[in-house]
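Enquirer: Starting from the known structure of chain A, fit chain B with the ligands onto it as the hints suggest.
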Amino acid sequence: MEILVCVKQVPDTAENDIELAKGGRDIEREDLVYSVNEWDNYAVEAAIQLRDQVGGRVTVVTIGGEEADEVLRRQLAMGADGGLHVNDEALEGSDGLGLARVLEAVAQQGSYDLILTGAQADDGAGQVGGMLAALMDLPFAALVNHIEPSGAGALRIGREVAGGDQEISEMDLPCVLSIQTGINQPRYVGIRGIRKVASVEIPQLDAAALGLDAASLGAGAARLRRLDYFVPQSGPGARMLAGKPDQLAAQLVEILKAKGGIR
Amino acid sequence: MDNLFAYIMHREGAPHDSAAELLAAARQLAPQAAPVAILAGHGPELDAACQQAAALFPQVWKIGHPYLAQPNAEILRPLLARLVPQGALLLLAHEHFAMDLAPGLSVKLGAAYLPDAVAFTGIEGGRLKAVREEFAGLVSAHVSLDLSAGAVISLRPGAFKAGEAAPVQGQISDKSAADLDGGMPPARRRYIETVAAEAGEVDITKAEVLVSVGRGIQDQDNLELVFDLAKALGAEVSCSRPIVDAKWLPKPRQVGTSGKTVKPKVYLACGISGSSQHLGGLTGASCVIAINKHPKAPIFQRAEVGVVADIIQFLPVLTKAVRAAK
Ligand SMILES: Cc1cc2nc3c(=O)[nH]c(=O)nc-3n(C[C@H](O)[C@H](O)[C@H](O)COP(=O)(O)OP(=O)(O)OC[C@H]3O[C@@H](n4cnc5c(N)ncnc54)[C@H](O)[C@@H]3O)c2cc1C
Ligand SMILES: Nc1ncnc2c1ncn2[C@@H]1O[C@H](COP(=O)(O)O)[C@@H](O)[C@H]1O
Chain A
12 MEILVCVKQV
22 PDTAENDIEL
32 AKGGRDIERE
42 DLVYSVNEWD
52 NYAVEAAIQL
62 RDQVGGRVTV
72 VTIGGEEADE
82 VLRRQLAMGA
92 DGGLHVNDEA
102 LEGSDGLGLA
112 RVLEAVAQQG
122 SYDLILTGAQ
132 ADDGAGQVGG
142 MLAALMDLPF
152 AALVNHIEPS
162 GAGALRIGRE
172 VAGGDQEISE
182 MDLPCVLSIQ
192 TGINQPRYVG
202 IRGIRKVASV
212 EIPQLDAAAL
222 GLDAASLGAG
232 AARLRRLDYF
242 VPQSGPGARM
252 LAGKPDQLAA
262 QLVEILKAKG
272 GIR
Chain B
2 MDNLFAYIMH
12 REGAPHDSAA
22 ELLAAARQLA
32 PQAAPVAILA
42 GHGPELDAAC
52 QQAAALFPQV
62 WKIGHPYLAQ
72 PNAEILRPLL
82 ARLVPQGALL
92 LLAHEHFAMD
102 LAPGLSVKLG
112 AAYLPDAVAF
122 TGIEGGRLKA
132 VREEFAGLVS
142 AHVSLDLSAG
152 AVISLRPGAF
162 KAGEAAPVQG
172 QISDKSAADL
182 DGGMPPARRR
192 YIETVAAEAG
202 EVDITKAEVL
212 VSVGRGIQDQ
222 DNLELVFDLA
232 KALGAEVSCS
242 RPIVDAKWLP
252 KPRQVGTSGK
262 TVKPKVYLAC
272 GISGSSQHLG
282 GLTGASCVIA
292 INKHPKAPIF
302 QRAEVGVVAD
312 IIQFLPVLTK
322 AVRAAK
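Just so you know, the sequences run in chain order A and B.
Counting in the working numbering, the first sequence runs from 12 upward without gaps.
Counting in the working numbering, the second sequence runs from 2 upward without gaps.
Errors might be hidden in some of the hints.
[Stated by the list, open to error] Facing chain A, according to a computed beta carbon distance under 8 Å, are these residues of chain B, among others: (1) Glu135; (2) Ala142; (3) Asp147; (4) Ile193; (5) Thr195; (6) Val196; (7) Phe301.
These are calculated hints, taken from the structure and not from any lab test.
We put the beta carbon where it would ideally sit given N, CA and C, even for glycine.
Extracted from the complex, chain A is given alone in its bound form:
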């Protein structure tokens, strides 16, 4: 099975304090720690497991600046067979549809049975996978938390629905799936593994190489534009307790008593 997995490099929100920069036109990017989007890591693991089961190849693709090379190498170290890096300034400011168009062009250069994305990335949109499927006129399922081969040309999949129920379907290949966390346990990648793939050649692609018209890309073509970042002044928020740990604990005990929190 030929599998394409779309991966994105994102600021690691567990490691970073996200601060506004340039009066809200961007976030402060200096010293930001980046990592692979959490959901994409599960998608790559799912692809690797499927390949190990039925044979084939796993290709990882990212659209991003030079430093996004890092996430591709990390996924190669996990066990992906090849990487593709789309890097073109003209793509800056693309909306979800713009990115999906680029990924469509990438997919058309190969012959993939299965395309995986993460369920969502750092801007919480959850849109690129579904758009890509629609552009390619392929069947799609979002929030997939189970995949197994089902005879020739089909997969049996589980989708997560409300309250953690699981919706089971059979799905024809080729198709696009967006992967939900928890579908597997992504394998650990150490520094050693990443060093091993340091010299692997990763083809660099730009809009021209993908046969895309630069005028239809990037901020100019985007129908959804970000105007600014801001920190909302939403309501009073929590009453924050102050003091040393012992004092904090003592205050909390009083509050817990009053609210019925100690039984």
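Expert: What follows is chain B with the ligands alone, placed relative to chain A:
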């Protein structure tokens, strides 16, 4: 703007809670318009849900077919792409079904897509200005959406407050026959069954006090600190999703939109950032107390009381204080 639609999910004959929120959002976009609710499904359950939706919306479109008895976005998407007119605005609630249906629907309609909006701030020059959250809720963004070719807009559940509108007597139009004449689209995704979430030994939905643990606990071995505190309080232990994904605790202990909705008197969130999906399970919690080492964690917006502390160090101190107070 009279081309305003809302796709309404329903279950067991009743529209989803988000129906009234979608109506409120539609009214914000165009106070004078008569928004159309669209419901798809099959049989008496669909009829009942349409009846109820007609008490909210002036017009209801019913799409019925046995194939639609189970919500299947792959079947519904091409139907909606045929039914919804060019240039229309279609609202829906941003949850598991919208994530399946909406992005592709926007492409098929040739419309723009705005996912997971939390507020609208105005329409100007054919563009809608709205607010979204990014980076796990740590910052918000103003966005601008081009409405000229229509738009699909998904709304964060709970973000748009349902209004206090008097019931209306909406008109129900059956769109099933006419538009299904072309036959059902080929279902390249075939529904088999729904497996209900496992029940588990503890029922956190009945707990009066919950000590809830998130990724801030860092290591499976540290869970002991959480169970110690829960024992001292006489509470049950619940958790956020990453704890279940890592298999540190079983799924029935997960709070959130893909877990359980809980309604304790006290919810003590330890090392939980407060994502929208987690907070979606907390709608019934009376008093939320958050302990997080990051003073800007979004959970402090939802919480009544906040403590900035490292839970690894602080939980044992709190447990001791609770024991002493008993
Ligand atoms: C469709 C969908 C459904 C989902 N359903 C759910 C759901 O039902 N429930 C759910 O919880 N999530 C759900 N999620 C996932 C959700 O988006 C978040 O990823 C998740 O809630 C984050 O969990 P967390 O707060 O534990 O982890 P994080 O967001 O990583 O937050 C960890 C927090 O711990 C703090 N911290 C770190 N170390 C310490 C320390 N030593 N002491 C104190 N604080 C510390 C950090 O400051 C941070 O705020 C869903 C996602 C999707 C896309
Ligand atoms: N820049 C990108 N490069 C490659 N894949 C991406 C990119 N942006 C988004 N994706 C894919 O689309 C998924 C959903 O992202 P989003 O729609 O932005 O929430 C991600 O998990 C990735 O699989």
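Enquirer: Work down the list of hints and note, for each, if the structure agrees.
Expert: Hints, one by one, checked against the model:
1. Glu135: At about 4 Å, which falls below the 8 Å cut-off, the nearest Cβ of chain A leaves the hint on glutamate 135 of chain B intact, so it holds.
2. Ala142: holds, 5 Å
3. Asp147: Holds, about 4 Å.
4. Ile193: holds, 4 Å
5. Thr195: holds, 5 Å
6. Val196: Status holds, d = 4 Å.
7. Phe301: holds, 5 Å
Violated hints: none; the structure is consistent with every hint.
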